[in-house]
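Protein chains: 6
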Amino acid sequence: MDESFFKDRYLDHQRAGELPSPQLIEDWLEGVLQFLFPEFSAVKFSTERAFLLQYQTNDLKLFTILDSLSSRLPKSAVDIRAAFEADLPAVYDSLSEDAEAILSGDPAARDRTEVVSTYPGFYALAVHRLAHCLCRLGVPLLPRMLSEIAHQKTGIEIHPGAKIGRRFCIDHGTGIVIGETVEIGDDVKMYQGVTLGALSVSKDMARTKRHPTIRDRVVIYAGATILGGDTVIGEDSIIGGNTWIVKSIGPNSRVYYRVPEKKQ
Amino acid sequence: MDESFFKDRYLDHQRAGELPSPQLIEDWLEGVLQFLFPEFSAVKFSTERAFLLQYQTNDLKLFTILDSLSSRLPKSAVDIRAAFEADLPAVYDSLSEDAEAILSGDPAARDRTEVVSTYPGFYALAVHRLAHCLCRLGVPLLPRMLSEIAHQKTGIEIHPGAKIGRRFCIDHGTGIVIGETVEIGDDVKMYQGVTLGALSVSKDMARTKRHPTIRDRVVIYAGATILGGDTVIGEDSIIGGNTWIVKSIGPNSRVYYRVPEKKQ
Amino acid sequence: MDESFFKDRYLDHQRAGELPSPQLIEDWLEGVLQFLFPEFSAVKFSTERAFLLQYQTNDLKLFTILDSLSSRLPKSAVDIRAAFEADLPAVYDSLSEDAEAILSGDPAARDRTEVVSTYPGFYALAVHRLAHCLCRLGVPLLPRMLSEIAHQKTGIEIHPGAKIGRRFCIDHGTGIVIGETVEIGDDVKMYQGVTLGALSVSKDMARTKRHPTIRDRVVIYAGATILGGDTVIGEDSIIGGNTWIVKSIGPNSRVYYRVPEKKQ
Amino acid sequence: MDESFFKDRYLDHQRAGELPSPQLIEDWLEGVLQFLFPEFSAVKFSTERAFLLQYQTNDLKLFTILDSLSSRLPKSAVDIRAAFEADLPAVYDSLSEDAEAILSGDPAARDRTEVVSTYPGFYALAVHRLAHCLCRLGVPLLPRMLSEIAHQKTGIEIHPGAKIGRRFCIDHGTGIVIGETVEIGDDVKMYQGVTLGALSVSKDMARTKRHPTIRDRVVIYAGATILGGDTVIGEDSIIGGNTWIVKSIGPNSRVYYRVPEKKQ
Amino acid sequence: MDESFFKDRYLDHQRAGELPSPQLIEDWLEGVLQFLFPEFSAVKFSTERAFLLQYQTNDLKLFTILDSLSSRLPKSAVDIRAAFEADLPAVYDSLSEDAEAILSGDPAARDRTEVVSTYPGFYALAVHRLAHCLCRLGVPLLPRMLSEIAHQKTGIEIHPGAKIGRRFCIDHGTGIVIGETVEIGDDVKMYQGVTLGALSVSKDMARTKRHPTIRDRVVIYAGATILGGDTVIGEDSIIGGNTWIVKSIGPNSRVYYRVPEKKQ
Amino acid sequence: MDESFFKDRYLDHQRAGELPSPQLIEDWLEGVLQFLFPEFSAVKFSTERAFLLQYQTNDLKLFTILDSLSSRLPKSAVDIRAAFEADLPAVYDSLSEDAEAILSGDPAARDRTEVVSTYPGFYALAVHRLAHCLCRLGVPLLPRMLSEIAHQKTGIEIHPGAKIGRRFCIDHGTGIVIGETVEIGDDVKMYQGVTLGALSVSKDMARTKRHPTIRDRVVIYAGATILGGDTVIGEDSIIGGNTWIVKSIGPNSRVYYRVPEKKQ
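Residue numbers (the working numbering), protein chains in the order written: chain A, 206 to 469; chain B, 206 to 469; chain C, 206 to 469; chain D, 206 to 469; chain E, 206 to 469; chain F, 206 to 469.
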């Protein structure tokens, strides 16, 4: 091989800062989800103490991850870990409501166990609510690594910065993209292939709202694309499949395409 | 952590019913696919007996899985296992035809080995035909867990309840959603991002036909969305990409959108 | 089980040619990516020699893979391996430019480390540029197995035959399909769900150009479908989301759908 | 490397007959021991059916092992497997007595659980009783591979051909060697470093009794060496530590060395 | 299989109390040894915090182990864990002296690194000093499981109850047996195959001193057997190889066998 | 925990030099043994090239190990590796003779396959001949780590410095200790528990001959202890079990203990 090329790669490796181990992050995520939902867990705990030890062992993984990012954290790893733990009950309550909403909304769902253990939309949302929590605490990189784990597993991409209301229902979900400054109200339902994205993407807009706002009780059918930071979809609106929306839509609207022409 | 929150999680874990291990299910599925198609198998068997033992060892995994669901099975695990085994040759024949259909339909496919070992559409269909078989035998949860394995790997989501005819061809496939009460005829071809879904979703419709019927020899291009239990796409029709269809289409139809306007 | 069915499966296994082990291929790919980008690597190397040994150990994996395909290679495994190594610096330079382009184009991207370690579009492109290199060297099956690894992980499917110019930017990406005879110029940007596909698919077209050509600086928004071997999208054009394009578009064009009708 | 040397090694590998996998043998052995003694098992079974499935899965491993040796078996693998299973209850009863004998004989032993889970003498005996059973059924190689597993783990080497009576007590045990044609009565106790070996070793003696006979209730202290096929240690004798015995000893004997000289 | 036999085994498994997982115990032991001696550790820690997290994660394993034994502990798992941690510095100091003593006593030893990483005598002693510490704290079963790990690895068996002075030197060591109530002074050196055992073993002697006392600066050569609770080997004595000692020996003694007879 | 104790451990870890990974060493050793003897290998190679690649991959491990020791090597890692490879055929020939000698000497051995795959004496010797080769090339630490792997597995401890002639036969072997400056002639046979050790051990004797010399065709029975650098056992002598020898013995001698006294 070209020697200087090889040398350069070696120097790159020497210069590279430490990153948290992807395997450790995956293990910790799995551990939190197993703690919150027995459906994700293959283990039965014979005592409450054993359950606590399992929790603590997993918790040390978060600490290890935060520690490897410590130079870039806004607060100490200790404080962030504590704040995350304090938020966990609220995250759990929110996810319980999400599971119930999916169950009551999908005729194919048999029970909550099936929703938690087999619905990719629920999994993606569970990861998002955890990642969003860490994002709000100012943790860099980790939230994005978490959301990519869910993305790879489900095909659903939710930027950890996105704000999502209660009882959010994703049906099927593959291909969904939800951008960093999206805001979604309560009781929203969304199908596969929906994009909530940015209209234009100059780098200096990093701190402005670039993605749409979805109000309460909106339904967005498969393949709809809604773009732009000023775009607001009003309460109780229904957005038809495969639509392309770049301007705000008032409350109670129904937006759809005409049925296509047929040629026989 | 909040003590009552922790206590509640522990009680949840104590109350949770037994579920079949996801790892065991994945292992079994891999084993069946390796049995049916040498392309999935890294092992060479030196004797027929060794091959049989491999089969039986894998078969015991299915038994273990069924056994952990036994309280919810319509028949004994023994009977269901036997019925599944009896169906296996027909599943194999069907998948052989599927592979041939993909090979003869895709100019990029070099040979059957390439189709079986690298086409996500074939993989998703192979898992579906096995899951559908278990679904018809009344096995709960397992068929959905199988279809989610394929969904995670391929981005193709086929509900195990869907009825799919012979020589079904999926090209690319990411984003395809095929609902629980879909019926698909023979020699149908379908591209990525196609949805065969429900129009409305009130929970009391769980036992009604909510998803469309696709007749023989229909071709559905990328991104088409076809919705509704009464919607029938007639024989030999071609559905254009990104179309949105909520009513029946007669045989031999061609449905497409006009070419979009250009602005220079 | 039906005896003749079982016997036939056994004979299938006996007849099956040797295939490179999927696990070995995955390990090698991971090794190359770790060599090129420290962001993919959890290991620190204390000496340049250790780094070299790591490289060589991984390189032997490629040799093993090529060797198992040797009867189907156009040149010796030794020659192909050498040619691949000679191409690696150019592949690296190209990927470095890709990472920079993503970073400067996406307001949500914080730094190059985040792009390399969490952007599925970058990962898919990295795998593609390696697979394309092997494809040009005439290696069968392996390039497709590589592209499927990336497809499974990212939902982005790029056929290893596709020719892609410099500074290619994929945003989000789930659902993207790029066909075998696609040609893409420099500085092209593409969003999720875009298809660059074939219009018709008769098997005898295997050696003809069946997929579109995209010229420099084109932007293609989410869900656009561009089909056909004669279809050329001219320089500096913008293709709107969810469009369906089967004819050539001149340079500097903007193609979009009208905003859909609203019904209140 | 020397080319002809390398070529010869390759030809050796090609010529080599199939051997049962050491890993499979270890797994099966662990499985049988876990079946017989919950102390060896980390898993709790929620139903009797699950326990049975575990047993059957392990049993298939034995079948696979026997099958790979089939050309050298005196009966079919099916018959040998069945005969082994039929012997298992007797082996278990015998081992239960052994554990009780160790417990009642060693003041340091707290309970049967401690004996089964931590006494190397019990482990070596458990493996021996299984290996001896297979040895009597005419299985080649496997019994020796089993006894070597125990030898490596405990430093106790018992040839699978040795006949050992009931309630055999090994204390400590490291360095014990028990030869192929040894016969040991009931209620014998033996300490570490004891050899029951052959006096002379010409190859044509393979089918003659070359190792000693130990009658009921004999105690043999650490480091004693007893050699020869005609050597019989009579009932109720005590053999002192570090003794060297090559002739028969009558019943009720006590054999010891004088206390060594002291030099001050 | 015999049905009642199978049923009995199942009931045995149901009745069996919980035991700490052997794997967890092995992991914890490895973790403590790695913490104390970098020679046992393959990992470099980039920060002190990372090192602390590693320690704490391992510490939780001890807690989990103690917890599974909680019904049989004399104090709470919390208290025992704390007491063990408080003892750790003293254990470390003691082991440091042991390593130095081995290094200065064995001409074949090159440096402390070689002693720590390759001397089985040091390994066995390291495990013993940890196990003895837990033994004194009243922990059941675990100390014996630890000493068996060392026994399996080194062939050296030291009962966790044995009291061993400072700068203890084991050379080679295979076959050494040191009983429960042994007391060993400072600067003692011992070769392979030495037994410090009990003379007689009636079960009611469990709480009496059954094993010998070795005073300061005694050297015991290979294969010596010293038995009995009243047997004391006086200061500065040398015990020759293969001797058999059942009575006390005064200080400064040299005990040996005559050189054996030769027959030409 | 005591803070300064913890801090000191951390500093120890920081100061510790790099050591070759024990896992890598074990993997390499297994690879060499599998290369030399198909009995150790579970894999069949379909082509000579595949076999070569396997060899080369393993060889890189040796290189990696040597590299991590490079500051302490007398020659470059490249040269040492080449010298080792050049010695390999002679090592193989020697081991082939050893296997034949064991087979023809032990009535219990059925065939060469059984000897290679189940005889601990053969395994220990195989590891020794490799370790001795590296020892002569001046490699530090690694030879001792190899001999400890064999010691742990077999209970046989052979210092890598020991010089051992052709057709060396170890029967059983547990407890054998062979010191650093031992010299053993051709056709020697040795049983378990034999020590060839040093008489006295002052540290300044590191470079002198401290261990005995055993001439051709000597047989040494179980438990014999032969000590001292000036001690020579003459040709064709037989050393009885449990003997203690500290002076030279002429050729053709027979050394034994009287049969012990009996007390009835």
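To be clear, the hints were calculated from the coordinates, so they are not data collected in a lab.
Watch out, some of these pointers could steer you wrong.
Where chains are identical, the list cannot tell them apart; a pair therefore holds if satisfied intra-copy or between any two copies.
[Unchecked claim] Mimicking DMTMM-like on lysine to aspartate or glutamate, the simulated pairs with C-alpha atoms at most 20 Å apart in a straight line are:
| # | residue 1 | residue 2 |
| --- | --- | --- |
| 1 | Lys-212 | Glu-290 |
| 2 | Lys-408 | Glu-208 |
| 3 | Lys-358 | Asp-232 |
| 4 | Lys-212 | Asp-292 |
| 5 | Lys-368 | Asp-316 |
| 6 | Lys-394 | Asp-409 |
| 7 | Lys-358 | Glu-235 |
| 8 | Lys-249 | Glu-302 |
| 9 | Lys-414 | Glu-388 |
| 10 | Lys-408 | Glu-319 |
Against the structure, the hints come out as follows:
1. For the identical chains of this complex, Lys-212 and Glu-290 are inter-copy neighbours only, at 15 Å across copies versus 45 Å inside a copy, given an alpha-carbon limit of 20 Å.
2. Proximity of Lys-408 to Glu-208 under the C-alpha cut-off of 20 Å is found in neither arrangement, the shortest distances being 36 Å within a copy and 45 Å between copies.
3. Taking the closest pair of Cα atoms, Lys-358 and Asp-232 come within 20 Å of each other both inside a single copy (15 Å) and across two copies (18 Å).
4. In this assembly of identical chains, Lys-212 and Asp-292 lie within 20 Å of each other by CA distance solely across copies; the values are 16 Å between and 47 Å within a copy.
5. Taking identical chains as interchangeable, the C-alpha atoms of Lys-368 and Asp-316 are never at most 20 Å apart, the minima being 27 Å within one chain and 23 Å between chains.
6. Taking the shortest Cα distances, Lys-394 and Asp-409 sit within 20 Å of each other only across copies (18 Å), while inside one copy they are farther apart (32 Å).
7. Proximity of Lys-358 to Glu-235 under the C-alpha cut-off of 20 Å is found in both arrangements, the shortest distances being 13 Å within a copy and 18 Å between copies.
8. For the homomeric pair Lys-249 and Glu-302, neither the shortest alpha-carbon distance inside one copy (25 Å) nor that between copies (34 Å) is at most 20 Å.
9. Taking the shortest Cα distances, Lys-414 and Glu-388 sit within 20 Å of each other inside one copy (10 Å), while across copies they are farther apart (35 Å).
10. Within a single copy, Lys-408 and Glu-319 get their C-alpha atoms only as close as 42 Å, which misses the 20 Å cut-off; across copies the closest is 15 Å, which meets it.
Comparing the model with each numbered hint stated earlier shows that hints 2, 5 and 8 do not hold.
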